[in-house]
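Work out the full structure, taking the sequences as your base and the hints as a guide.
Protein sequence lines correspond, in order, to chains A and B. The working numbering puts the first residue of the first sequence at 1, with every later residue one more than the last. The working numbering puts the first residue of the second sequence at 1, with every later residue one more than the last.
Some hints here could point you the wrong way.
Claimed, not checked - Below, computed lysine-lysine pairings styled on DSBU-like, alpha-carbon distance capped at 35 Å: (1) B:Lys-213 / B:Lys-11; (2) B:Lys-119 / B:Lys-213; (3) B:Lys-98 / A:Lys-87; (4) A:Lys-87 / B:Lys-110; (5) B:Lys-236 / B:Lys-90; (6) B:Lys-110 / B:Lys-120.
It should be emphasised that the hints constitute simulated quantities derived from the structure, not laboratory data.
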Amino acid sequence: MTLPTEPWLPLSAQLINITPEIVGVATYDFVLEGATQPFQYAVGQFNMLYIPGVGEVAISLSGVTGQVLHHTIREAGNVTHAIAQLKLGMSIGLRGPFGTAWPLDQCVGKDIVLAAGGIGLAPVRPIIHAVLCDPKRFGKLTVLHGARSPSGLLYTGEYDLWRNQGLQVEVIVDRADTNWHEQVGVITQLLDRLPLTRPTETILMTCGPEVMMHFVARSAISRGIAEQQIWLSLERHMNCAIGHCGHCQLGSAFVCKDGPVFRYDRIRQFLAVEGL
Amino acid sequence: MNLPGDNTAMKPLFLAKDELASLIDVLITQGYTVVGPTISQGAIVYDEIHRLEQLPRGWTDEQHPGKYRLNKGDDNAYFGYVVGPHSWKKYLFPPQTKIGSATRVELGWKLETSRPAPKKLALLGTRACELAALAVQDRVFLGGPYIDPYYQAQRQNLLLIAVNCTQAASTCFCTSMNTGPRCTTGYDLALTELSDGFIVEAGTPSGESIVGKLVISEATPKQLQQGDEARAQAEKQITRHMDTEGVRDLLLNNPNHPRWQEVAQRCLSCANCTMVCPTCFCSTVSEVSDLQGDHVDRVRHWDSCFNVEFSYTNGGTVRKTIHDRYRQWMTHKLASWHDQFGSSGCVGCGRCITWCPVGIDITEEVAAIRQSIPLPMVSTKGGPSP
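Okay, structure coming up:
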């Protein structure tokens, strides 16, 4: 991929569609002004979305369809709140894509397990799309998704589509409600029970709260998936996205350019330290 | 432009003391804005120099942990001080840089970046540790996948007139960091001040062309010997030491060492050390909006890992305590910097020691962690870092 020569220049991105997902979360579709080619990115990368006067926020791409960029965003801070106020047809600034990608090349011929907590399914969804585009390249794909409650499960409307194309989709919630007929507990329980026919030929990719990813990695290792086959996507304060501002450091890593996707064994030492 | 390794072999020259004024004049005539040492608010700081009288002739700085005083020196030297609270990074990576703007248009924004506006700058009086700091920031802003356009543009418009230290402060430890006190690379001209003049060495063709416009003679063996002695005196005066062997592993392997708690009891998290550090590069972009919110300037300004908001995410602040933040600063500077940029982030200038209001001494902190390692401990002393 070629890097932007003007890393500080945001492009104008027009909001063309909003899909409400769950409470406080929606998927926003943007098209870059003047775009004539499909948006070039690698699955796992993020963009900096910019509302002038408010600021920028790093948001992973949850999918790309030709020239249309999909960002699934939880309203959490100033910038995401301002994004939630946008009307269709309005434009914002966008810089990107930035950061490292999920290791799709290394997944060829392998089984894939995705473990996503809450909105952590958003950065993982492009992997599903990529596999479904070319299913013969990959082995079995399993999606494990956990949320606090049934109303926190993301992209529920797509599960049947995924299952119909041969994916195994397992969901679990911390707290059930009266309509819930599936499993209750934490995501590691799904992983613990998952039949793994060839763990040494399985790649696990995870995104969610750090504590969740820590336990997912531990569970995966106990199931025979080596540390080198585990990948995770991290979140830190990102300001410049190009490794110059210092905010997102985690030990020796700049999460913006050395991540957000890391191989577990390369970052484990730093993840284990509180307040790093 | 001065790059390491392009030093040429011109014989050392001698410039009489009074001729220093003509050096400044030549630089100004050539279109350079000259910046150099001058006295302001009781300290020697870097500012624009128009004439020789602005230099802090006859003044010297006394430095200790948490203490800086200007005193009258006994030698009437122009460069008889060490380093003050400013560093040259303020010219290459200014405290505030406008990086762009946004102007409201119908349903959106007109987005622009600010073009770099470099000046032809001559930095007069860069010390060896400061040349090393420039090289460190070169790797940060120019050495990665992304180039900082503002730093790059100014870096390409720089003339470096270095000065070899002939004295040291109590806070200096450049010899531990292998950065000084002698200027060996990265300068256009290097001066060594003697009682009656300067030994002048040209490091680049740009430096040679400046020298060619001065009334200057070849240095005599005696003058060269005086220069050697003056430089040796600086080295002899350096008493502070940091044992850097295996320091990367030492710090990265000891994030839970009790010393971090101990230093956090003293550290005020004031960020002074990061402001005076010639290599610290952390920044934040702020939105500076007009009252209607129709025009917004984007301003990048210095920030510090000691500020609590610095690591803020929606899940909360990552580095909540002073313990976390001091550990981040020192471990980054001395350890993870090696992984990120291939060198230490510390050049041994001692500013963080002098300007710490409570006199925390980075060399003492390293020694304390080194001396009280709970055994057994892997690869600290002996053996290079991986």
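Hint by hint, here is what the structure shows:
Taking the CA atoms of Lys-213 (chain B) and Lys-11 (chain B), the gap is about 16 Å. The hint holds against a cut of 35 Å. Among the hinted pairs, Lys-119 (chain B) with Lys-213 (chain B) is consistent with the structure: their alpha-carbon atoms are about 22 Å apart, no more than 35 Å. Restraint check for Lys-98 (chain B) and Lys-87 (chain A): satisfied, since their Cα atoms lie roughly 29 Å apart, inside the 35 Å limit. This hinted pair checks out: Lys-87 (chain A) and Lys-110 (chain B) have alpha carbons roughly 18 Å apart, not beyond 35 Å.
This hinted pair checks out: Lys-236 (chain B) and Lys-90 (chain B) have alpha carbons roughly 30 Å apart, not beyond 35 Å. For a cut-off of 35 Å, the pair hint linking Lys-110 (chain B) to Lys-120 (chain B) stands: about 31 Å separates their Cα positions.
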